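Number of protein chains: 4
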Amino acid sequence: MQTEFEPRNPNYESVVRDSFSRQPYMADIGARIDLIEPGICELSLETRPGLTQQHGFFHGGLVAALADSAAGYACYSLYPPNSTVLTTEFKVSFLNPAQGGRLKAKGRVVKAGKTLFVCQADAYAEEAGKTSHCLTGLFTMMCLMGKSDALNLGREAVST
Amino acid sequence: MQTEFEPRNPNYESVVRDSFSRQPYMADIGARIDLIEPGICELSLETRPGLTQQHGFFHGGLVAALADSAAGYACYSLYPPNSTVLTTEFKVSFLNPAQGGRLKAKGRVVKAGKTLFVCQADAYAEEAGKTSHCLTGLFTMMCLMGKSDALNLGREAVST
Amino acid sequence: MQTEFEPRNPNYESVVRDSFSRQPYMADIGARIDLIEPGICELSLETRPGLTQQHGFFHGGLVAALADSAAGYACYSLYPPNSTVLTTEFKVSFLNPAQGGRLKAKGRVVKAGKTLFVCQADAYAEEAGKTSHCLTGLFTMMCLMGKSDALNLGREAVST
Amino acid sequence: MQTEFEPRNPNYESVVRDSFSRQPYMADIGARIDLIEPGICELSLETRPGLTQQHGFFHGGLVAALADSAAGYACYSLYPPNSTVLTTEFKVSFLNPAQGGRLKAKGRVVKAGKTLFVCQADAYAEEAGKTSHCLTGLFTMMCLMGKSDALNLGREAVST
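Residue numbers (the working numbering), protein chains in the order written: chain G, -3 to 156; chain C, -3 to 156; chain B, -3 to 156; chain X, -3 to 156.
Simulated from the structure, these hints should not be mistaken for laboratory data.
Which copy? The list can't say, so a pair holds if one copy fits it or any two copies do.
Think about it this way: if two alpha-carbon atoms lie no more than 35 Å apart in a straight line, the pair counts; the simulated DSBU-like pairs of lysine-lysine are: (1) K110 to K143; (2) K126 to K110; (3) K126 to K102; (4) K143 to K126; (5) K143 to K102; (6) K100 to K143; (7) K100 to K110; (8) K107 to K143; (9) K126 to K107.
This structure is a prediction, so every number in the text was calculated from the model and none was measured.
Generate coordinates for the entire structure from the input sequences, incorporating the hints supplied.
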């Protein structure tokens, strides 16, 4: 897929995959990366016991969490080397119940700024070959320069 | 705690606790109810492997998910009998890293309308006796009258 | 322009234009309708003294207000006869300074529900033949059935 | 009023008042400053023809615009000398119709970061001695260091 963005780090894909692999929460919910392109990230997961709310749909908070990660990595794919990514805020609108065996989230950078990146992300539930658009949202990500993406960063290091 | 709201269902507390107990995702992340009062709900969870992101903080999406549930049940405590609750949208701002062994979320209804409820929710991380305010957000909940809160509600039933 | 939505009111265009003409604030800022299609509305205005902030750009609140009206009328174009429209909430992200002589806002319905409509709107500033994308946002509109769109509706009538 | 914040500019009040006085849009809608304290700003305006929507209430976008300015100046009161303020995003929920002769907005800083400030703002309509809470919102403001708050800043200077 061709995108309008030029990555500042030629190794953007391995950088994103490495960071994703160090997110225990993404492993816990069974999320995997389906696509990484400059400014774009798609994630998905299969349903398992423990991901639903009282009506049997994927929990809205979980759907937002998957969309948040897709948005974050869409942005991170455009960051320069030696930086890390932080969500500063997001807003999500729920469009349809997230009913189905599979949940997908697609993040797409709308504006790549110097410090702040604005990203749109959408989530889709798939069941029996039918896809329903269950969430659309806007996310703001901060590019923290000169900060490690690894553990033990410390509270101060990620001050916004 | 005294609140300004009058519950329309005298059994609001058992109704909320019953609904919460049927949310597999809340059990999966280890969330429990700390407080239910009319228009107020407080939830918390202890850290466990699988709830963090790459820096070792609670994943932002998870923090938002806990706040979303606190907001939803704060609203649900004010609903009439024979109704269910649905998040229609929310917006969260991340204030500080969610670092610590314990995560709390407090939801408080701001406006109880006929169909739409607006709720504020905040999240706090606790570590070594120190509490940090990690998220503030606004949530809109819909009151679906005459709909069961139980499983197998069906996609159409929760149409907004 | 072909859209995916089927209007429920064959007179949707005159209904929208009539409502717009009764909005003193839209006249005050000099806004006009450029396009009405089912689920789509485009508005624009020319700069005049009194619409800018301290740096000389269109005031962000004004840009959001124009986008809000574009979103509202995009939704209203899909409402049945004998109904009115109310913004219940919106979120906007500012992408670039709104610098220029002309401001445009384009609203597009994302989800037409029974009661709630979710709309995306974007704003663009035009100067010397260059267009810059200055705002993107998500808006939730409520369809109030059986309520007049005219003056003196009364506070209770628009209870959400 | 005592607030929890320590201003970094002892002349914060005159700096805010000076910036406010250079906002043509604030003059155009008749807004004035009622209160400036560190981290707090209250604005108000009286109704006049041209500020309402089709039902005769203050236009929601105008209410949001006043809240945005209150939020921005609440933040700006905490900024160091030689800086300017920019709204990066906001989300507002409408609680009640903004009906009445007077509109007030109160902004209060929730988190003062290094670059990003999170602010809550609320708007109230007053009529015949009755006040109704018409809007609550969350705003993110950016502190642009070393940038003039005056005109002709240039598009590049305010890049986020």
